[in-house]
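Sequence order for the protein chains is A and B.
Following our numbering, the numbering of the first sequence begins with -7 at its first residue and continues without gaps.
Following our numbering, the numbering of the second sequence begins with 130 at its first residue and continues without gaps.
Misleading hints may appear alongside valid ones.
[What the hints assert, rightly or not] Calculated pairs, DSSO-like style, for lysine-lysine (alpha carbon to alpha carbon, straight line, at most 27 Å):
id: 1; chain 1: A; residue 1: Lys61; chain 2: B; residue 2: Lys157
id: 2; chain 1: B; residue 1: Lys238; chain 2: A; residue 2: Lys21
id: 3; chain 1: B; residue 1: Lys318; chain 2: A; residue 2: Lys61
id: 4; chain 1: B; residue 1: Lys306; chain 2: A; residue 2: Lys21
id: 5; chain 1: B; residue 1: Lys318; chain 2: A; residue 2: Lys7
id: 6; chain 1: A; residue 1: Lys21; chain 2: B; residue 2: Lys340
id: 7; chain 1: A; residue 1: Lys32; chain 2: B; residue 2: Lys306
id: 8; chain 1: B; residue 1: Lys306; chain 2: A; residue 2: Lys61
id: 9; chain 1: A; residue 1: Lys21; chain 2: B; residue 2: Lys176
id: 10; chain 1: A; residue 1: Lys47; chain 2: B; residue 2: Lys321
id: 11; chain 1: B; residue 1: Lys170; chain 2: A; residue 2: Lys21
id: 12; chain 1: B; residue 1: Lys170; chain 2: A; residue 2: Lys32
[As the list claims (entries may be wrong)] Between beta-carbon pairs, the in silico distance windows are:
id: 13; chain 1: A; residue 1: Lys47; chain 2: B; residue 2: Glu185; range: 24 to 32 Å
id: 14; chain 1: B; residue 1: Lys177; chain 2: A; residue 2: Ala18; range: 41 to 49 Å
id: 15; chain 1: B; residue 1: Glu261; chain 2: A; residue 2: Ser3; range: 29 to 37 Å
id: 16; chain 1: A; residue 1: Lys47; chain 2: B; residue 2: Thr313; range: 49 to 57 Å
id: 17; chain 1: A; residue 1: Asn(-1); chain 2: B; residue 2: Glu320; range: 42 to 50 Å
id: 18; chain 1: B; residue 1: Leu312; chain 2: A; residue 2: Lys40; range: 43 to 51 Å
[As the list claims (entries may be wrong)] Now the stretches of chain A that chain B is said to cover, found in silico as 3 or more residues with beta-carbon under 8 Å:
id: 19; segment: 10 to 17
id: 20; segment: 52 to 66
Calculated from the structure, these hints are not laboratory results.
The beta carbon of each residue, even a glycine, is placed where N, CA and C say it ideally should be.
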Amino acid sequence: MSPTKNNISNSEIQKLVIERVRTLPAGRKISIGSEGDFSKEELIGHIKRGDNIGKKMVDVQLSFLQSLKTGTLLNEE
Amino acid sequence: MKNNFLVTRPDHDLTTNYLHYFAGLVIKTAIKKGTTVIDLKGKRANKKEFVSIVRETQPALIFLNGHGNSRAVGGYNDEALVRSHENEILLRGRIVYALSCCSARDLGKNCVRTGTKAYLGYDDDFIFLFEENKVTQPLDDQTARMFLEPSNLIITSLLKGQTPSTSWGRSQEAFRKNIRKFLTSESPKEEKELIPYIMWDLNHQVCLGDKECKFS
């Protein structure tokens, strides 16, 4: 995988997102609209495959981390 | 246009079943307020019935619950009730809140372009977490509540005569309140992992059209 402009490779991002998903509380599942509902283990499989569900999880986690970095977590205007 | 409130709430899968139950709480609020509610629930949330009821009852406020995409919002078994460039004219002159994935992206914009007063919804997937042992009692699910209560605050606020702008703002603030709750040190570490998903919904909830109109 090629490094991004911030020198973090896609595989590193994938690992980071998987670790974050692993820390979800036990006994919870995630509903992603018409895509269905997913357990932690299922989500990790999707992230590893890099399919649409996996990419969505990457989007969710990266947008969260980005908001921490920019101080816009609460999206207050 | 009449002061009727139309709700569509299919219940054909786990996600729509959650939306169905939480929309039921909104209906209770509306009835308490004396609003006439037309409730297309379960199988009644189909296109034929939806089109006919909208024409017949002329609701000023519509609350759509169901799966969606950028061009359509679905009803029972995901049959499209409203589709962009097909029948969005049905929503002309009305205020609409769609608790549905992505529909504000294209359908919402088209609706406003063709005369819908205001369209509130999501421009990406609406995501929520739920507790596996609560799927038969969605209203007891405190995790799902963290997502669905702030979301539905839009519609209860509109029912109380608030503008789309204020209603959207209240919903946004309720999402933020839940995020703040998890940010406190008293909150268990694993619960903090819900924050990215609440933040996602907060950031993708939009208000299009006339932000100062009212349902009253």
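Hints, verified against the model:
1. Lys61(A) to Lys157(B): Between Lys61(A) and Lys157(B) the Cα gap is close to 42 Å, so the pair fails against 27 Å, i.e. violated.
2. Lys238(B) to Lys21(A): Distance of about 32 Å is beyond 27 Å: violated.
3. Lys318(B) to Lys61(A): holds, 20 Å
4. Lys306(B) to Lys21(A): holds, 22 Å
5. Lys318(B) to Lys7(A): Within the cut-off at roughly 20 Å; holds.
6. Lys21(A) to Lys340(B): The given pair, whose Cα atoms are some 35 Å apart, is violated under the 27 Å limit.
7. Lys32(A) to Lys306(B): With a Cα-Cα distance of about 26 Å, the restraint between Lys32(A) and Lys306(B) holds, given a limit of 27 Å.
8. Lys306(B) to Lys61(A): Roughly 20 Å between the alpha carbons, so the hint for Lys306(B) and Lys61(A) holds.
9. Lys21(A) to Lys176(B): violated, 30 Å
10. Lys47(A) to Lys321(B): It holds: about 21 Å lies between the C-alpha atoms, which stays within 27 Å.
11. Lys170(B) to Lys21(A): Roughly 25 Å between the alpha carbons, so the hint for Lys170(B) and Lys21(A) holds.
12. Lys170(B) to Lys32(A): Between Lys170(B) and Lys32(A) the Cα gap is close to 31 Å, so the pair fails against 27 Å, i.e. violated.
13. Lys47(A) to Glu185(B): 24 to 32 Å: Violated: the Cβ-Cβ distance is about 43 Å, outside 24 to 32 Å.
14. Lys177(B) to Ala18(A): 41 to 49 Å: holds, 44 Å
15. Glu261(B) to Ser3(A): 29 to 37 Å: Because 31 Å falls inside the window, the suggested range holds.
16. Lys47(A) to Thr313(B): 49 to 57 Å: violated, 32 Å
17. Asn(-1)(A) to Glu320(B): 42 to 50 Å: violated, 32 Å
18. Leu312(B) to Lys40(A): 43 to 51 Å: violated, 30 Å
19. 10 to 17: holds (count 4)
20. 52 to 66: holds (count 7)
In the structure shown, a violation is registered for the earlier hints numbered 1, 2, 6, 9, 12, 13, 16, 17, 18, in ascending order.
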